Amino acid sequence: MTQIITKKQKRWMQNPFIQFFKFIYLNIKILIIVAGGHGGTRDKADS
Amino acid sequence: MAKIVVLGAGIAGHTAASELRRQLSKKHKVVVVSPNRNYQWVPSNIWVGIGKMKPKDIIFPLEPLYKRKGIEYVQAKAVSFHPEGDDTTQPYVNVEYVFGERKGEQEKVTYDYLINATGPKLAFDMTEGLKPGTNNAYSVCTYDHAQHASEALHALIEKAKTSEKKLKIVIGTGHPKATCQGAAFEYILNVEQELRHYGVRDKIDLKWLSNEPALGDFGMDGMVLSYNGKPMKSSEMVEMIFRDRGIDWVLEAGVNKVEEGLVHYENLKGEYKTEPFDFAMLIPAFSGHGFKAFDVDGNDVTPKLFKGFMVVDADYTSKPYEEWTVQDWPETYQNPSYPNIFAPGIAFAPPHSISKPRKSPNGTEIFPSPPRTGMPSGITAKLVADNIIDSIKAGHISLQHKGSLGNMGAACIASAGYGLMKGSGVSITTFPIVPDYKKYGETGGRNVKKTFGDIGLAGHWVKLALHYAFIYKAKMKPFWWLIPE
Ligand SMILES: Cc1cc2nc3c(=O)[nH]c(=O)nc-3n(C[C@H](O)[C@H](O)[C@H](O)COP(=O)(O)OP(=O)(O)OC[C@H]3O[C@@H](n4cnc5c(N)ncnc54)[C@H](O)[C@@H]3O)c2cc1C
Chain A
1 MTQIITKKQK RWMQNPFIQF FKFIYLNIKI LIIVAGGHGG TRDKADS
Chain B
1 MAKIVVLGAG IAGHTAASEL RRQLSKKHKV VVVSPNRNYQ WVPSNIWVGI GKMKPKDIIF
61 PLEPLYKRKG IEYVQAKAVS FHPEGDDTTQ PYVNVEYVFG ERKGEQEKVT YDYLINATGP
121 KLAFDMTEGL KPGTNNAYSV CTYDHAQHAS EALHALIEKA KTSEKKLKIV IGTGHPKATC
181 QGAAFEYILN VEQELRHYGV RDKIDLKWLS NEPALGDFGM DGMVLSYNGK PMKSSEMVEM
241 IFRDRGIDWV LEAGVNKVEE GLVHYENLKG EYKTEPFDFA MLIPAFSGHG FKAFDVDGND
301 VTPKLFKGFM VVDADYTSKP YEEWTVQDWP ETYQNPSYPN IFAPGIAFAP PHSISKPRKS
361 PNGTEIFPSP PRTGMPSGIT AKLVADNIID SIKAGHISLQ HKGSLGNMGA ACIASAGYGL
421 MKGSGVSITT FPIVPDYKKY GETGGRNVKK TFGDIGLAGH WVKLALHYAF IYKAKMKPFW
481 WLIPE
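Protein sequences, first through last, are from chains A and B.
Number 47 marks the last residue of the first sequence (our numbering); no jumps.
Number 485 marks the last residue of the second sequence (our numbering); no jumps.
It is possible that part of the hints are untrue.
Estimated spans, in silico, between C-beta atoms of each pair [stated by the list, open to error]:
| no. | chain 1 | residue 1 | chain 2 | residue 2 | range |
| --- | --- | --- | --- | --- | --- |
| 1 | B | GLN90 | A | ILE32 | 23 to 31 Å |
| 2 | A | THR6 | B | SER337 | 43 to 51 Å |
| 3 | A | LYS8 | B | PHE99 | 51 to 59 Å |
| 4 | B | GLY419 | A | GLN3 | 18 to 26 Å |
| 5 | B | LYS166 | A | LYS10 | 21 to 29 Å |
| 6 | B | GLU259 | A | PHE17 | 45 to 53 Å |
| 7 | B | GLU365 | A | ARG11 | 43 to 51 Å |
| 8 | B | GLY261 | A | ALA35 | 39 to 47 Å |
| 9 | B | GLU260 | A | ASP43 | 50 to 58 Å |
| 10 | B | PRO303 | A | PRO16 | 22 to 30 Å |
| 11 | A | LYS10 | B | TYR198 | 15 to 23 Å |
| 12 | A | GLN3 | B | PRO303 | 24 to 32 Å |
| 13 | A | PHE17 | B | TRP481 | 31 to 39 Å |
DSSO-like mimics (lysine-lysine), calculated; alpha carbons at most 27 Å apart, straight line [said to hold, decoys possible]:
| no. | chain 1 | residue 1 | chain 2 | residue 2 |
| --- | --- | --- | --- | --- |
| 14 | A | LYS7 | B | LYS103 |
| 15 | A | LYS10 | B | LYS422 |
| 16 | A | LYS29 | B | LYS161 |
| 17 | A | LYS8 | B | LYS449 |
| 18 | B | LYS422 | A | LYS29 |
| 19 | B | LYS477 | A | LYS29 |
| 20 | A | LYS29 | B | LYS230 |
| 21 | A | LYS10 | B | LYS52 |
| 22 | B | LYS304 | B | LYS56 |
| 23 | A | LYS10 | B | LYS203 |
| 24 | A | LYS8 | B | LYS422 |
| 25 | A | LYS8 | B | LYS233 |
| 26 | B | LYS108 | B | LYS159 |
| 27 | A | LYS7 | B | LYS439 |
| 28 | B | LYS161 | B | LYS52 |
| 29 | B | LYS207 | A | LYS29 |
| 30 | B | LYS230 | A | LYS8 |
| 31 | B | LYS27 | B | LYS393 |
| 32 | A | LYS29 | B | LYS475 |
| 33 | B | LYS230 | A | LYS10 |
| 34 | A | LYS29 | B | LYS438 |
| 35 | B | LYS233 | B | LYS29 |
| 36 | B | LYS26 | B | LYS108 |
| 37 | A | LYS29 | B | LYS108 |
| 38 | A | LYS29 | B | LYS77 |
| 39 | A | LYS7 | B | LYS230 |
| 40 | A | LYS10 | B | LYS56 |
These are calculated hints, taken from the structure and not from any lab test.
Model, not experiment: these values are computed from the prediction.
Quick reminder that beta carbons are idealized off the backbone N, C-alpha and C, glycines included.
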């Protein structure tokens, strides 16, 4: 069954105070995932 | 002294040129050839397309910046490639000036290293009747397209205020193998918020029309992501958002023709259908630029350099979907025939799609082509620049820096509505971009710890922060290089 976004979740999504901390968290997480390194896939030393 | 020529000044070309200039001494020459005198931060076109930003907010002129930084700029377009040179010169690219007194004139631009970062050709001509600004269909792929889209959207909003009849907006892909669904997804959510803002949401139906096999495929075969700490398919996440916003959808649609207010498409069942609209934004097919290449004797060697896009160190052997691996994807973006030529960003030819290929009973291929978003374009450009710098310093080709899309993460921060307090964003991170079904077999080819989704105001702030940070970086302001790609 399709999930829905509840009213409570919506309030959470638009609450600037909570979202401020989310903002910090997202930035750090994105930095780690995207800028946190990349490499080849073809030889074992790379992976 | 080495001369490095960069074709294109988009995310990939500009990143490579700035990095080369920063790291190489002035005795080495960096030349950028690009027809558009402005740098544009393409991801913010979405906000130009709803009128929340003006083109001037997302562009700046390249020439003064390049002059200050010691990068030579040629406002021209590459026309043909001569990787062996001719009797009189070393390897060169034939370019044609597109502006000023020399407009139309051709010139040979010689190089020691060549970076082809010309991105895609926006191939509107591959879909009959799809031309931005005609037949009520628009595009947001460039800032001027986006500006026209915004004007037409607001005209429609005005019309809706007094119209008795319910109007309809269709947004999605305009070709059976179009890519960049992420941009269309952002646009539909921003348009939806704009309609609510002007109080006409109940007067306009919104429809998503896409070549994806499922919602949230995004040309990446979809993904299982962590949402609120629980695993969720991207299809479920997008469906949840569309239901919440009252957006209807049609999938597996290969658009083949656009007439005034009517889009024609074929679906995977082989049925030919139409969808009426009052305003549409359809992403065109992305193709190669149709460049030709010649050897020293003037023989056509185009297949050595191009397969639509540029041939690089990918495995292009044709094989069935079941046998595709991440190892097929390139790592250094170097052309195998001419080791001093590289193609980062969208300019390289992918070995195959990421989404599973699908055909209608009539033989029409209907599935998304692989997307190559901004962050990987920047990352691949930087690693190409780093390899060239190492090669110049070492006096021989060095390929220490590698970055396969099968071992690289991407963040898709989709704006879902503009506004410092009322805005919203859908943040999706994926690692790796190309699913590695061997390594992460249990979790749809992705590392679930690094693949997550989030919805809310914070996503909008992240997208805004990225807008300002990346424009700051592109302007090469103090310590710009500390901002990662
Ligand atoms: C509307 C939209 C929204 C997007 N949003 C996002 C997003 O939110 N996040 C994200 O990560 N990605 C996003 N993308 C994708 C991202 O913009 C691309 O991945 C990125 O622009 C690719 O960079 P590129 O340098 O390879 O190509 P381009 O940006 O297309 O640059 C190509 C350059 O080559 C030049 N050129 C063209 N022909 C020639 C020629 N013959 N000779 C010389 N130069 C030439 C062009 O003028 C241009 O300067 C979006 C794309 C679109 C269209």
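Each hint tested on the structure:
Take GLN90/B and ILE32/A: their Cβ atoms lie about 43 Å apart, and the range 23 to 31 Å is violated. Range check, THR6/A to SER337/B: about 58 Å between beta-carbon atoms, so the 43 to 51 Å window is missed. The supplied range of 51 to 59 Å is met by LYS8/A and PHE99/B, whose beta-carbon atoms lie about 56 Å from each other. Checked against the hint of 18 to 26 Å, the pair GLY419/B and GLN3/A passes, with Cβ atoms roughly 25 Å apart.
Separation of LYS166/B from LYS10/A is about 26 Å and conforms to the stated range, judged on CB atoms against 21 to 29 Å. Between GLU259/B and PHE17/A the C-beta distance comes to about 50 Å, which sits within the given range of 45 to 53 Å. Roughly 44 Å separates the CB atoms of GLU365/B and ARG11/A, a value that falls within the hinted 43 to 51 Å. Restraint check, GLY261/B to ALA35/A: a C-beta distance of roughly 45 Å satisfies the suggested window 39 to 47 Å.
At about 56 Å, the CB distance of GLU260/B to ASP43/A agrees with the hint of 50 to 58 Å. Checked against the hint of 22 to 30 Å, the pair PRO303/B and PRO16/A fails, with Cβ atoms roughly 56 Å apart. Between LYS10/A and TYR198/B the C-beta distance comes to about 21 Å, which sits within the given range of 15 to 23 Å. At about 49 Å, the CB distance of GLN3/A to PRO303/B disagrees with the hint of 24 to 32 Å.
Range check, PHE17/A to TRP481/B: about 34 Å between beta-carbon atoms, so the 31 to 39 Å window is met. Straight-line distance between C-alpha atoms of LYS7/A and LYS103/B comes to about 59 Å, which puts the hinted pair past the 27 Å bound. Only pairs whose Cα atoms come within 27 Å are accepted, and LYS10/A paired with LYS422/B is accepted, the gap being roughly 11 Å. Simply put, LYS29/A and LYS161/B have alpha-carbon atoms about 43 Å apart, too far for the 27 Å limit, and the pair is violated.
Annotation: proposed proximity of LYS8/A to LYS449/B holds, straight-line Cα distance about 26 Å (limit 27 Å). A threshold of 27 Å between alpha carbons decides the hint, and for LYS422/B with LYS29/A the separation of about 23 Å falls inside it, so the pair holds. A threshold of 27 Å between alpha carbons decides the hint, and for LYS477/B with LYS29/A the separation of about 25 Å falls inside it, so the pair holds. For the proposed pair LYS29/A and LYS230/B, the alpha carbon gap of about 17 Å is at most 27 Å, so the pair holds.
For a cut-off of 27 Å, the pair hint linking LYS10/A to LYS52/B stands: about 23 Å separates their Cα positions. Among the hinted pairs, LYS304/B with LYS56/B is inconsistent with the structure: their alpha-carbon atoms are about 40 Å apart, more than 27 Å. Restraint check for LYS10/A and LYS203/B: the C-alpha separation of about 24 Å stays at or below 27 Å, so the hint holds. Distance hint between LYS8/A and LYS422/B is fulfilled; the C-alpha atoms sit about 16 Å from each other, no more than 27 Å.
Note on LYS8/A and LYS233/B: the hinted pairing holds, with a Cα-Cα distance of about 22 Å set against a maximum of 27 Å. Between LYS108/B and LYS159/B the alpha-carbon distance is near 52 Å, which puts this suggested pair outside the 27 Å criterion. The suggested pairing of LYS7/A with LYS439/B is violated, with an alpha-carbon distance near 39 Å, which exceeds 27 Å. This hinted pair checks out: LYS161/B and LYS52/B have alpha carbons roughly 20 Å apart, not beyond 27 Å.
For the given pair, LYS207/B sits about 33 Å from LYS29/A by alpha-carbon distance, which is inconsistent with the 27 Å threshold. Taken as a hint, the LYS230/B and LYS8/A pair is honoured in the structure, with Cα atoms around 18 Å apart against an allowance of 27 Å. Our distance criterion of 27 Å between C-alpha atoms is met by LYS27/B and LYS393/B, whose separation comes to about 12 Å. As the CA atoms of LYS29/A and LYS475/B are separated by approximately 25 Å, the hinted pair is consistent with the 27 Å bound.
Straight-line distance between C-alpha atoms of LYS230/B and LYS10/A comes to about 18 Å, which keeps the hinted pair within the 27 Å bound. For a cut-off of 27 Å, the pair hint linking LYS29/A to LYS438/B stands: about 25 Å separates their Cα positions. Annotation: proposed proximity of LYS233/B to LYS29/B is violated, straight-line Cα distance about 48 Å (limit 27 Å). Between LYS26/B and LYS108/B the CA atoms are separated by roughly 22 Å; this keeps the pair inside 27 Å, and the hint holds.
Annotation: proposed proximity of LYS29/A to LYS108/B is violated, straight-line Cα distance about 46 Å (limit 27 Å). A hinted pair counts as satisfied when its Cα atoms are at most 27 Å apart, and LYS29/A with LYS77/B does not qualify at roughly 39 Å. Under the criterion of a C-alpha separation no larger than 27 Å, the hint pairing LYS7/A with LYS230/B is consistent with the structure, at around 19 Å. With a CA separation close to 34 Å, the supplied pair LYS10/A and LYS56/B exceeds the 27 Å bound.
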